[in-house]
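There are 4 protein chains.
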Amino acid sequence: MLLDATASGVYPIAPTPFHPDGKVDEGSIDRLIEHYIGCGADGTTVLGVMGEAPKLEPEESLSIATRFIEGMGERPVIVGVSAPGLAAMSRLARSVMERGAAGVMIAPLPSLRTDDQITGYYRQAVEAIGPDIPFVIQDYPLTFTVQMTPHVIQRIVNENPSCVMLKHEDWPGLEKISALRAFEAQGSMRRISILTGNGGLFLDFETERGADGAMTGYAFPEMLADVVRFQKSGQRDKAHDIFDAHLPLLRYEQQQGIGLAVRKYVLMKRGWIASDAQRKPGAALSAAARAEVDYLLTRLSHRDSRAGF
Amino acid sequence: MLLDATASGVYPIAPTPFHPDGKVDEGSIDRLIEHYIGCGADGTTVLGVMGEAPKLEPEESLSIATRFIEGMGERPVIVGVSAPGLAAMSRLARSVMERGAAGVMIAPLPSLRTDDQITGYYRQAVEAIGPDIPFVIQDYPLTFTVQMTPHVIQRIVNENPSCVMLKHEDWPGLEKISALRAFEAQGSMRRISILTGNGGLFLDFETERGADGAMTGYAFPEMLADVVRFQKSGQRDKAHDIFDAHLPLLRYEQQQGIGLAVRKYVLMKRGWIASDAQRKPGAALSAAARAEVDYLLTRLSHRDSRAGF
Amino acid sequence: MLLDATASGVYPIAPTPFHPDGKVDEGSIDRLIEHYIGCGADGTTVLGVMGEAPKLEPEESLSIATRFIEGMGERPVIVGVSAPGLAAMSRLARSVMERGAAGVMIAPLPSLRTDDQITGYYRQAVEAIGPDIPFVIQDYPLTFTVQMTPHVIQRIVNENPSCVMLKHEDWPGLEKISALRAFEAQGSMRRISILTGNGGLFLDFETERGADGAMTGYAFPEMLADVVRFQKSGQRDKAHDIFDAHLPLLRYEQQQGIGLAVRKYVLMKRGWIASDAQRKPGAALSAAARAEVDYLLTRLSHRDSRAGF
Amino acid sequence: MLLDATASGVYPIAPTPFHPDGKVDEGSIDRLIEHYIGCGADGTTVLGVMGEAPKLEPEESLSIATRFIEGMGERPVIVGVSAPGLAAMSRLARSVMERGAAGVMIAPLPSLRTDDQITGYYRQAVEAIGPDIPFVIQDYPLTFTVQMTPHVIQRIVNENPSCVMLKHEDWPGLEKISALRAFEAQGSMRRISILTGNGGLFLDFETERGADGAMTGYAFPEMLADVVRFQKSGQRDKAHDIFDAHLPLLRYEQQQGIGLAVRKYVLMKRGWIASDAQRKPGAALSAAARAEVDYLLTRLSHRDSRAGF
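Chains as they are written, first to last, in our numbering: chain Y, -6 to 302; chain H, -6 to 302; chain X, -6 to 302; chain S, -6 to 302.
Simulated from the structure, these hints should not be mistaken for laboratory data.
Warning: the hint list may mix true and false statements.
Heads up, the list lumps identical chains together, so a pair's fine if it works in one copy or across two of them.
Here are the simulated lysine to aspartate or glutamate pairs, DMTMM-like style, with alpha carbons at most 20 angstroms apart [claimed, not checked]:
id : residue 1 : residue 2
1  : K273      : E19
2  : K273      : D109
3  : K273      : E152
4  : K273      : D18
5  : K16       : E120
6  : K225      : E215
7  : K273      : E120
8  : K231      : D287
Model the full structure from these sequences, guided by the hints.
Structure, rendered in structure tokens:
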């Protein structure tokens, strides 16, 4: 089933689990899938920044994506296909769509600066992968150093009918969501799905501003699902209560460069993956950092019983 | 009294209060000072990024700094003197020291890249202001785009005896504090004071890693003082409890570009300043954003009685 | 006389001459003016990047600009007023206009990224200095890291009637000149003057693409004047011949960071300024570099008799 | 034969020739090789920035490199293996060495900032490809935004015995060559080969500062060979004369973003490649730009008879 603009809910960004020797750990992929489904994920996104995509061989990328696609069943899998060259992007995009992916995610090249460069790049990318593959714009200035205004996103959406979703992770970004939803209300932009990333740091308000859900790798996706569900059903305070309970850990995960190490460590402690190994180059947690995470987990378990160990 | 490496506690970064017409609001300066002292501040820092320093005329800068210096009495006032040119930096530094400032804070020029460029710049800055003025390194990569490794800070400290403090706001930065304290323990770096900024987002752990306190503009400095005091007295859980109660708002303030607007709005609601006006160019809060802050304040008041309105 | 969109010819970017002790050398200013006029300059621009503007005290800036304005007589003087804050920009702009400047030059803040940020900044700047002061856009991505597309320049021009000139120094930039002139031909942009900088490295073709002249600090402005004059009178080969004769030296001057040192050294050797001293921080030429410049000057003197020593 | 620190002379950076439909043009590879050898090239470098490497599929990269290796015979071929991930880098490096490459070239990741990050990256890269593959550091700040001081290069050389060459293309960079040669003279750095890039814009003086030759893609490599040969034999003026004759065109080629289009166009006009087609995304020359190149070629043919058409 292809991704479309009605997508909503929680799409965890999946890490790529490795064995300590660097080999892909397929058993842990299966366990991740099982837990994602169990905690209410509506889909998943693989081979993103957090999936250590640039460290994978082309065949590994395809094999990992395929395993997630098969395991998630009816639930849509979005595959990150960002690459320095359009040839590699196009090949991966077509391969994963053939294997059942719901759509692909495309980040801008870090060298893009002006509005025209950014919109031009998305035109070229769509030309390369073909107009029939639904795609997601990844708007993450902190990592990619590319700043897209609401008007630029509007242009990309209007120029490319296959654009169905925005992975919103600008920071700050609340006004951007409001601006995009206002474009839609005015009829100057086609309706798209907006899922938010940025580690979930503003998910409590993003859902109130018009986001359809979350696409991030926080190690307790059940909390993300709670927030989205409570907000949809009008239980604002309950949404904030559960969000606030997790905020100290969520904030700790949101450290550029070591966030993935924190997440893999927590997922390992939860038993969702067997090892927190990363491929090189990758930042490891110090003993002090691990102890800090342990402390945060203990405190969290007093506030959210699902977080007990 | 001159600033030295034993400085500790809480130094709120003071905003510059303006009237709605853009004039400096001196009455609000006096009220700010009164409240800072009342909530346990050990000193204050003025004319930083948050003080809208680049929007001030030279005489205004001097006059504002002087008013803070006089109002704070025995408590040290640190003055931001960062400037594109060393002549302006030197003149402001000497002027405020003559009027009783305890020391100055110097940020790196945004164009600096290599280790040698950064250390060279601090040598030139010290040559310009003179070796007798105690200074603070401001290490804020997110804003200044300059990355200083622990070794670079070590070199700056060792080469410049007048360097007495680091305003630490790297992100992530916990390992950097540990690395610097390890240098001191090994005897390869002179002991300096480390106060942390970054909006306080990691203050709970920074104090555990060896920071001496906080230097940030969060609108409830009494909480910063609590965290520092509880940590010093070994009450770890209490420190985290009060920190966590404030984290939702503190996180909201930590939005690049609009953080100052949030802080001024909260300070105005607390009655510490008369208006949340900023000089142009400055980002104003939308109605939606103000409502979000109001909601966060209401929730906060249930957890910390000092936050009631 | 105010600057307007008909301005053309050569506006040398003037360095600020200093005595070896760092004091401003007013006698050398007078000599520079005399030589500029003697070699056919149509105006001059002061307090630009090359004028070491950020190293000057406010009173010095005003005093230097005034001396140039008085010395140049009827010929227009453009004053760089770029500053981190709008208050300082506005004050300098008004002061120099009162003293007879023809217009001001405004560079974008280095932090600007998106089209909307850039056009917004120029709106704010015009609001700050007032709509009656003619201004020049400085488009120099290599130094300011801000990229303006032709459409952005079009918006700035159309939104701000007081914008009369573009100092074009994008690199590459030939197509940009053509695009802007095409906008004018189509009637979608008001006619402006375009003078080119970038050290003159592409002046030979820029004049053919539609530039009205040169605004750069190359130490032989008589060559710039030759190129512009020959091109205007249809003597293409002669324009390129004289340009090519100077290109080895001109290219040598165009080294980021040391270009000013080269220019001051050559101007000193020509007797136009008394010393090549720069204020700190400033890159000095090594003995090897000075010998290289000497060698280039010797070679140049065989091709252009005005370059003999 | 493996590359070592005695390498010198001219290594043209080879473009990847494509047919207008985007397929690799193997016949043009053969013709390029023939001409390179004919004009005195000592080796060649393939799959660099100019080789459109990121636009190639992995098998294409290997096949192109192999064809060059076979065609160049005894002359060393250096293969660019820079990649976002170490897995891809390592695989390509081993594959081309098995097929007879002399060594590989590694550019830093654009995200690297501090000295420690840069040296750490080269350690990891050597670990990934193995310590037995000779490698070249590519130091090109303008394109990669990474600034390496002489001390950083010294550390990389001393820490990694397999580092045998620097492709120097810092700008300005003359003092860097002198600094590195001084380290060698003092015994604080092992002797390496230095070939210079940067389009050759400073080759005339780089050879005088201690460079061993040129590694750049200027479309008349015979001129590069002349300059290197004349300088080695002490004919300084002759070296500069031939260099200056080519400087107007060489400077024109040195336009970021369109330089490759200019070079392919000139190589096509010379009959060295059949088409100037680039894979997308790639900047095409406008009609005006082509006419400018034609004009420069006509002028060049009057100064260097080998440039006639």
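Hint check:
1. When the C-alpha separation of K273 and E19 is checked against a cutoff of 20 angstroms, the pair qualifies only within one copy, where the shortest distance is 19 angstroms, while the shortest distance between copies is 36 angstroms.
2. Taking the shortest Cα distances, K273 and D109 sit within 20 angstroms of each other only across copies (16 angstroms), while inside one copy they are farther apart (35 angstroms).
3. Taking identical chains as interchangeable, the C-alpha atoms of K273 and E152 lie at most 20 angstroms apart only when they sit on different chains, with a minimum of 19 angstroms there against 39 angstroms within one chain.
4. In the homo-oligomer, the alpha carbons of K273 and D18 lie at most 20 angstroms apart inside one protomer (16 angstroms), although the nearest pairing across protomers, at 36 angstroms, exceeds that limit.
5. Taking CA atoms no more than 20 angstroms apart as the test, K16 paired with E120 passes between copies only; the shortest distance there is 17 angstroms, against 34 angstroms inside one copy.
6. Taking identical chains as interchangeable, the C-alpha atoms of K225 and E215 lie at most 20 angstroms apart only when both belong to the same chain, with a minimum of 15 angstroms there against 36 angstroms between chains.
7. Taking the shortest alpha-carbon separations for K273 and E120, only the inter-copy value of 10 angstroms comes in at or below 20 angstroms, while the best intra-copy value is 33 angstroms.
8. With identical chains, the CA atoms of K231 and D287 are at most 20 angstroms apart between copies only, with a shortest distance of 17 angstroms across copies and 26 angstroms within one.
The earlier numbered hints are all upheld by this structure, with none contradicted.
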